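Novice: Construct the entire structure; sequences and hints are all you get.
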Amino acid sequence: MQPSVKRKHRQQTIRRMIDNRALYLMILPAFLYILIFHYWPMYGVQIAFRNFNFADGITGSKWVGMKWFNYFFHSNNFSTLVRNTLILSFYDLLAGFPVPILLALIMNAVPSRRFRKVSQTITYLPHFISVIVLVGMMNSMFSVNSGWVSTIVRALGGTPTYIMGEAKYFRHVYVWSGVWQQMGWNSIIYLAALTSIDPGLHEAAMIDGAGKLRRIISIDLPGILPTMSIMLILRFGSIMSLGFDKVYSMQNALNYSVSEVLSTHIYKMGIQSTKYSYSAAVSLFNNVINFIMLVTVNRISGKLSGNSLW
Amino acid sequence: MKRMNMKRVSAGDHLTNLLFYVLLGVFVVLCFYPIWYVLVASISDPTYVNSGALITLPRGVHFTAYKYAFDQPQLWIGYGNTLCYTFFGTLFGLCVCIPCGYALSRRDLPFRGIIMGILVFTMYFSGGLIPTYVVINTLNLVNTRILLIILGSVSVYNIVLIRTFCQSSIPEELREAASIDGCSNTRFFFSIVLPLSKAILAVIALYIAVHHWNSYYNALVYTTDTRLQPLQLYLRQLLLINTGAEDLGDPDALKEMQQMIASIRYAVIVLSSLPIMCLYPFLQKYFVQGVMIGSIKS
Amino acid sequence: MTKRILTLALCLILALCALTAAALADEEPVELTICTVRRTTDITSSYSEKHWVQALEKACNVKIKWIELLEGQTDEQLTALLAGDLPDIFWAGKIMKDSIISQNTSLWRPLTEEEIRTYVPNLANFLDENVDDWLNFITYPDGNIYGLAGGKMHSTMHTTQGIPYINTQWLERLGLEKPTTMEELKQVLIAFRDQDANGNGDPNDEIPFDFCDSFNKTQLINCAASWGLPMYNGGNVFYDFDDAGNVVGAVNTDAYRSFLEFFYELGQEKLINLEGFSQSYDQFTANCNADRVGFFWGWGPCNYITDSDLFLQFEAMVPPTVEGYPVKMYTANLDFANAFRNDFVITRACKNWEKALEVWNYASEPTTALEICNGERFLFWDYVDADGNFLGEDATEEDIKACGYRYLVKSYDTSTPEALAAYNQLLTDWNYDWLVGKTFTGSNTTGLVDGAPLMLEAENYETDDLTVWGVQRYVGITDVLEPANVFCPYYMNKNIVPAEAQEEFDFMTDGLYEVIRGFCATSVMNGVTDESWSSYLNDLTTYNYDFYVDFYNRLFHNEL
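Residue numbers (this note's numbering), protein chains in the order written: chain A, 1 to 310; chain B, 1001 to 1298; chain C, 2001 to 2560.
These are calculated hints, taken from the structure and not from any lab test.
Every value quoted in this text rests on a predicted model; they were computed, and no experiment measured them.
It is possible that some hints are incorrect.
[As the list claims (entries may be wrong)] The calculated lysine-lysine pairs, modelled on BS3-like cross-linking and capped at a C-alpha distance of 27 Å, are: (1) 168(A) to 67(A); (2) 2351(C) to 2063(C); (3) 268(A) to 2063(C); (4) 62(A) to 268(A); (5) 2097(C) to 62(A); (6) 67(A) to 2494(C); (7) 1285(B) to 117(A); (8) 1198(B) to 117(A); (9) 1198(B) to 1285(B); (10) 2050(C) to 1067(B).
[Unchecked claim] So, partial list: chain A residues that the calculated Cβ filter (under 10 Å) puts toward chain C: (11) 39; (12) 42; (13) 46; (14) 80; (15) 249; (16) 257.
Ideal Cβ placement from N, Cα and C applies to all residues, glycine included.
Specialist: Written out as structure tokens, the structure is:
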């Protein structure tokens, strides 16, 4: 590019920045917050490369480089942990992503406003039940000895299965109970997005004779596509960060082979065994994978649908 | 554009509606059951609750659980704190996140991509518990209410959602038209963007409020003064005691606690979830169609 | 003249000021920051409200600022404390693990034996008379003493972990004898399963043998004691001792395989509740309370069952024998049974360590220590003589010493609602834990039982009243198990693991426990085949089981 063109560009940019100085002011508080509470502590990432102890502090502890990462990568459990985490996460995503969208579309489409409001309120309630309580409730319900689900199954002539215990059911119970609990809550953002769809489009389509189903598919769905893309990108970006509470509550001696995931490992090795550096290293590994996933999916989404994070 | 009165509904639409009602009905029943279970469990004898004998109706009804729960001073202290943190935290979070999200949605803003990247980066990389604590300790914010109000109110996730919403529902033409009329950025934001964004405002307010209401981690780590502790922290105590997550080592103590806690656990769950569950219906009225959008098209 | 008078007056005033200052300086209480753990059921909002704390502050002229961590969630809070401003003292033996001390030695102020004897004579004298080897117990591999121990030094109750209990009422109803061998137990369990053992008319609602895998005292792996394998899941104890006192492997033996196969059969015949692997502690206790369980391993029936009529039906029994194998139960060394090595740790942030030691000395006086642990003397507990009678208010120092500092907690009648309300009121008036429930005959009320500053002589449960909490278990241990000579004598490691060795151990055994527990569970569920057994042995080798066994061998022989 010609230097004079470059100069002109720069001048234009500066001009635009000055014109929009109010916007920068709007960004400032959030930016400061992030700077103070997220970037300042980031110097502590080096704990993963040191042999941290409280006496020497973060900067005074001995530097060990990739020692913890090597331990982790060469540990017997490494592939199991990563595999379990990824499988559970992907399964959760595949099952849990479409259902809230479906729910939002249906709730938006039912004619009765009263029913819509009631259903919106009720479906989002399970989100507030702590997972520990939910797991306890499922244990009660599905108990082979005394749960009412089992009683019904027996009354219908079947034999109840031990779904809360055995390894082969673990993933299914984990994922579908999550869908059940979160679908209402996750549909809220889609409902909000649906409100910004021009009702004129619907009217025009109705005039053209399109049925409700047709209208939903051709108007509502594309209308919330930007929201869907961003939610999907963000979901992918937390693929490795499987929550700890639920897995830990559902874990038992029968299902270690599928329920040992990175977060339980970090918990046992980290806080419980006071291996701060090691757990920092595993967390860092976690985050790097998440970030790579995010960037990749973001780029793909940008190319496919024009929606991306940046 | 005139509105056409559509009185005739086609047969296909009837079928679709029926299908939707059935599906939605199933979802509603499924989602209601855990709430009902918790409500019923809170007024039932704990033995029935744990033995799976509880299906739909309370067994061994007694309200003593609630009575004992109300007697606990820590419950009320926690309630007060949680209300305070939730209210002020939501206010703070909205004031900080909404403008930021809007500003970043403007495609004509130089360097917005970089700023977005800087913010998003922090969603994935953080120093962790120890350095964050050191920083907060250096700022002398340990054991303060201010910290519990502002920490967690600003989340990049929310900013991204706001940005997405603004990008797709506030058209650029509107903005250009307004600037031609001499409207400044600030005025545009307050008089046009905010009214149009009621839905996302409601959602973000809900997200921040619920996040604060459910949060215990920040209080756990950054406060040791029991007078500052929120309700969820207290509730977590009750839940954790019995999951076997902690082998207390001293079974002598476990027995006493187990009896007491078994009977009040569900009552405290109900008491701690009820207020926030009631928030959504109030916000629902903001989920209405954006009225002005249609008029812009012409 | 006036000048002279003025000068004199000035001098007098100055002298007065100096005197007052000196006097005040003496009286100014020393400020100490103490970190401890707070019980969930504690009704006070801070330790400073407790009576014993106020008495201690007055006696030692200190002003204590308490930092109270929430029990069950202490990990993150402790991390934050250590990263931030250190308190002067940590009075929290349960959470101050050896590894935290070893990894951060420069955070603590080490004590010397001389200092202990000079400043904490109460403790030193008591321990010298009653406990062997206590100095060694608190000395770290680098030769320093970082903290003083607390908790129960001798404890019959903590001799072992879970013990077997059987419902004798059920046995009587079906005309059966207490089983002594595993085969007999199996027959008894079959009878429980098929017949109406609990007398409610329904022969199908009994669970012959129940357990809860997530709760260490009731776990299935305890039962390997009948095959001579004294294991305890809670302490990750998966090894055995040979006759020479060397540590050998336990989970790779034929005895273990035979144990798994036997329990697989039990599971197949529905004699054990296979749901025990996933059921919660609440569900387990609910089953017990509903009178559906005939046999279980656990701490004590009164822990799981609230109705005293019901829990009295249970009796401890010797683990049933298996032909060809001895019975060996996991045993905790009696001398340090429930003690916390690092109960009282002085940090380098403490400016007045003599005062800190004075506090501990005050708290180490036997009666004071018991009051901190159990509440006010005469009101909640008292010393007892050899016949189990309370010594009363007239008891002298010699009487107390003669009885060996043995005490008994007073039990209050709580059978009627009025009585229970009165008892709760008593506890509330004295600012103790708040309780609800049908009966309470607990052993502590202040929440610091785990951090009681003294190693206490064994609780005296020589009473005939089995409904008093803990007596059933005590009787079970002393009358049933000890005479049967089933306790393996070598257990309860007293030696401290050095920091590097601990790190090596943690990384080498990463995943090992999941392999062991997982195989136990899946084998009982699905059976053992030759392939699954050999693949398991391979896994054990991959996950360094041999290193694990060798490590413990070196630890017990103090060769680490």
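Novice: Each hint should be assessed against the structure and marked as holding or not.
Specialist: Hint-by-hint comparison with the structure:
1. Distance restraint check for residue 168(A) and residue 67(A): the Cα-Cα separation of roughly 35 Å exceeds the 27 Å cut-off, and the hinted pair is therefore not satisfied.
2. Simply put, residue 2351(C) and residue 2063(C) have alpha-carbon atoms about 14 Å apart, close enough for the 27 Å limit, and the pair holds.
3. Our distance criterion of 27 Å between C-alpha atoms is broken by residue 268(A) and residue 2063(C), whose separation comes to about 38 Å.
4. With a C-alpha separation of about 23 Å, the suggested pair residue 62(A) and residue 268(A) falls inside the 27 Å cut-off, and the hint holds.
5. For the hint linking residue 2097(C) to residue 62(A), the alpha-carbon distance of about 22 Å falls within 27 Å, and the restraint holds.
6. Simply put, residue 67(A) and residue 2494(C) have alpha-carbon atoms about 31 Å apart, too far for the 27 Å limit, and the pair is violated.
7. Between residue 1285(B) and residue 117(A) the CA atoms are separated by roughly 9 Å; this keeps the pair inside 27 Å, and the hint holds.
8. Distance check on the hinted pair: residue 1198(B) and residue 117(A) sit about 17 Å apart at the alpha-carbon level, within 27 Å; holds.
9. With a C-alpha separation of about 9 Å, the suggested pairing of residue 1198(B) with residue 1285(B) holds against the 27 Å cut-off.
10. A threshold of 27 Å between alpha carbons decides the hint, and for residue 2050(C) with residue 1067(B) the separation of about 25 Å falls inside it, so the pair holds.
11. Among the interface hints, the one on residue 39(A) is violated; its C-beta lies about 19 Å from the nearest C-beta in chain C, farther than the 10 Å criterion.
12. With its C-beta approaching chain C no nearer than about 16 Å, residue 42(A) sits outside the 10 Å limit, and its interface hint is violated.
13. Because the beta carbon of residue 46(A) sits about 15 Å from the nearest beta carbon in chain C, more than 10 Å, this interface hint is broken.
14. A cut of 10 Å between beta carbons decides the hint on residue 80(A): the least distance to chain C is about 8 Å, and the hint holds.
15. Evaluation of the residue 249(A) hint against chain C yields a held restraint, the C-beta minimum of about 9 Å falling below 10 Å.
16. Interface restraint check for residue 257(A): the shortest CB-CB distance to chain C comes to about 7 Å, inside 10 Å, so the restraint holds.
The structure does not agree with the numbered hints 1, 3, 6, 11, 12, 13 stated previously, though it agrees with the rest.
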